[in-house]
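**Q** Residue-level listing of the chains:
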Amino acid sequence: MPYTVPKLTNFSAAALDSAVRELLSALEQESAMVASENDWKIYRDRWMARKNGVLTQLNDLWLKAAPGPSKKEVGQRVNELKGKVEHTVEATLARIQSGASSGKLAAERLDITLPGIRRPLGAEHPVIKTMNEIVSVFRNLGYSVEEGPEIETDYYNFEALNFPPNHPARDTQDTLFIVGQESKVLRDRLLLRTHTSPVQIRTMEKMKPPVRVVCPGKVHRNDAPDATHSPIFHQVEGLAVDTDITFCDLKGTLDHAMKALFGSSVKTRFYPSFFPFTEPSADVQISCIFCGGKGTRDGGPCRNCKASGWIELLGCGMVDPNVYGFVDYDPAKVSGFAFGMGVERIAILKYGVDDIQLFFNGDVRFLEQFG
Amino acid sequence: MKLSPAWLRDFVDLPIDYRRLADELTLAGVAVEGISGEGESTAYEMEITTNRPDAMNHYGVAREASALYDLPLKAIEPKLPAAQGKSDVTIDIQEPELCPRFTAREIRNATIKPSPSNIASRLQLLDQRPISNAVDATNYVLWESGKPTHVFDLDLLEGRRLVIRKAREGETLKTLDGVERKLTPEDLVVADAVKAVGLAGVMGGFDTMITEKTRNILIESAWWDPVTVRHMSKRHGLHTDASHRFERGADFESTVLSTNRVAELILTSGGGTLVGDVIDVVARKLDLAPVELDLREVYRILGEKLSTLEINRILTRLGFTLTAGSEDRYLVQIPSWRLDVEREIDIIEEIARLHGYDKFANTLPAYSGEVVEVADAQKDARLRSSLLALGYSETISLTFISKDDAKRFSTAAELDLENPISDEASVMRTSMVPGMLNMLAYNLNRGTDNVRLFEAGKVFEASGEKSVELKRIAMGATGNVNAEVVHGLAPGAAARPLSFFDLKGDVEQLLAPFAHWTFYFDSQTADYYHPGRSARAVMDGAMVAQFGQIHPEVAAARKLKQDVFVAEIYLDRLYQHDLEAVRYEPLPRFPAVERDFSFIFDDAVAFDKIRQAVDDLEIEELRSFAPVEIFRGDKVGAGKYSILMRAKLQSRERTLRDDEVAQWSAQITKALETLGGVQRA
Ligand SMILES: [Zn+2]
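Each protein sequence line maps, in turn, to chains A and B.
Counting in our numbering, the first sequence runs from 85 upward without gaps.
Counting in our numbering, the second sequence runs from -10 upward without gaps.
Honestly, the hints are just simulated from the structure, not real lab data.
Some clues are possibly wrong.
What the hints assert, rightly or not - Some, not all, of what chain B presents toward chain A, calculated at C-beta under 10 Å:
id, residue
1, Leu291
2, Thr310
3, Ala313
4, Gly345
5, Leu379
6, Phe510
This one's a predicted model, so the numbers in the text were calculated from it and none came from an experiment.
Cβ atoms here follow ideal geometry from the backbone N, Cα and C, with glycine treated the same way.
Please work from the sequences and hints to get the whole structure.
**A** Structure representation (structure tokens):
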């Protein structure tokens, strides 16, 4: 039913509002139907023809009919409508001239359910991602980052870390050695670092306290590769030495770091361990992130923590005074702590990876899961 | 290592159940890793740290429990019958440094038979195989108090004497495991008047061992130098319960007690008589120096004030003796079984662990130092994020390669491993390429045909006596670009094979942020690259990258079933350059004019020459001069190519006039013609 200009009898504001709304809605609807220049001419004439166009009718049926007191308001409204009609008619022409007719648009419709054209993004390696996360926790605590060589001397990997020559603790390191070192004195012999702890020594050699560093990096062990062993893996080592650092500070720092890494509900538990370069030494467990420390999950024992509710995560301790002797720090004046954690172990926990070899064979099917 | 919690009850009256005991021992540093069995046959799987040989037995763990729960520890007191007569066995210690103490005791007319069930079952619970009452007695004592002892068939010892000496050159000894061992003067042996009868602290001799026929027994309990035992154990590949303990340090004062305890067990089960007193030869006394303990130091290290009462209680239960000195100082006498405790800090650790680590507060230290960035952190991060954005996934490959690969992919002097994991991993990598090719092959062999990977890492080179570590990035790519795109989805949407220029574009993107004076590409690449499809990037005269298709022969040798592309970025050289400092440049206010040039050139004219010729015109208003389209084919003729190039001209000061633009265009056209170019109609 095409629009016709109604005769107005009621000139109240509400009645005028309603009449204007009706007219504008008709204007838009008819504009939308215009698909060609011919359509548009008809549309234009219908609304704007001097003879009997809608605008002309408005003059006759609304303005002239309006009683004296309403004349001014009706006049204003008719003027506004005139502007809107002219604008819409022009816009309608612009639209059909641009080719954006509804028919054409319909013909250009795409099946938007087809997949988009993606530019592939590379995936971060889960171990490096995890290592960066650990480092960033400590950077936020004011730690600098230090790096060191992967091929070390016996001195930095062992001796200065208080592993005396012939000490049984060396056996636990499964060291890979470089050939042809026999002619050198023991401390100069080259080996692949078995931990990132040598960076502690290198840092203290070049820096006086206060020292706060984290040392991320690759380490090597003589372990044949299988699901749980790899000859290469990564560690993040930390060291803080100052005039009054205590065992309580060590505990607080690592408790904070574990909460930052695994969530604020994680609890930590410290118990005695042995590392030649720290004393007292401790191992740190966190409450199992899979069963919330309960030891049971899905009605059975939690496999991730062997039902203990705890997962062992890192080693730490107060820096052994003997170590200070190697770097010319005065153990009577300074104290500090060191800690080290295996990055693969943490990544395995976080992502539930069941075979450490997946980290090192470059399998895209694995890597893409971390993109 | 297994221990029986029920056995612990011989020495301390534990009021708690075995599970809780296991947990609390662990938290005090005597780690129980697992529990098996129930009731009397409960067994703990222990993980005792290498510094605590004193806790590798029941009595030692009972002592820990006594300190932990503040309970009395019952002493081991062998009840022996009165000895008869005198023993004429003599002990001759010729190496007092390596064997400061040797204790022995003689038993006559004992009967060798299976152990009584209480002994046998305890050993069995620890996975120890009962052998005979005399041998089991030594084993029982080892697990009871940690002291390794040995029993000889006295009648098989020649000369009724034991000599502790270095082995003679060419001397041999058949050890208890039946292996005939060649000895050297580096070995320390227990010998009779004629021959070696035991490898000191490691294993006894086969020919003098206890058999069913044995009647007369000599018990040995000695203290051996830890380093000597460790060397012998390694040299002979013989790691025994005895060597494990001796090389970590045994209790010097326990030789007599352990000898007597073995004697008691043998006499109880096998009868016989004790002959003479214990023979205890001390060649050198091993005294542990007392340590000064300052309670203020305890507070300084641990951060919490513990009561003097508690500190006293803990240390006393562990066997330390405290003598109060001035102020907060104590002199602490170290028990003979704690060779690991030598310094004040060692005592502080004892206090901390028995107080309980978890009872200490968690605090965060104040800090006044500055935070320093790793030198190249920003550059590393920039390259890494670009590589990820370019679609390369991050990888880590083994740091080792094969000797063949080291030779094939590098000319650097390599570092070989003394004890490699395998031949394929016997050399420190001198190149990142073999690892990258292996990863590409790994994917292709598993049906992943479109692969883009990168690895940031180090290569290793020998430089005289030293090693040099150089940072590198390797990139690897194979397969299709837009592999996932639905063909025909949008105009031109289709997968296409990856090309040299895809890789070059990626390398250009990666190198672009680095400031330099000169930069060019040439084709002088390593011989493992396709000679016609590889390039090196030279920045200020130094090669910072080389890349391209891998030589088909190399690809074939590695069974790569499709073309693969590799790039190497030499970070040690690239990082000589700073990242370009970003400075805002005002946007142009006047319009740019573009002019196209369509030419045909001989293949010999590389685009670099064309660009150089145009650059040499030094037209200040020339903003860019870039190829837009390349065409080769019949229409152009063999050995030639058609190229459409676009010049963009723009001034910062004004709108360009038509006559100026025409003049520059003519200059460019002439330069191109001088290079042999023929303008297309
Ligand atoms: Zn759990």
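**Q** Each hint: holds or not?
**A** Hints, verified against the model:
| no. | hint | verdict |
| --- | --- | --- |
| 1 | Leu291 | 5 Å, holds |
| 2 | Thr310 | 21 Å, violated |
| 3 | Ala313 | 22 Å, violated |
| 4 | Gly345 | 9 Å, holds |
| 5 | Leu379 | 7 Å, holds |
| 6 | Phe510 | 24 Å, violated |
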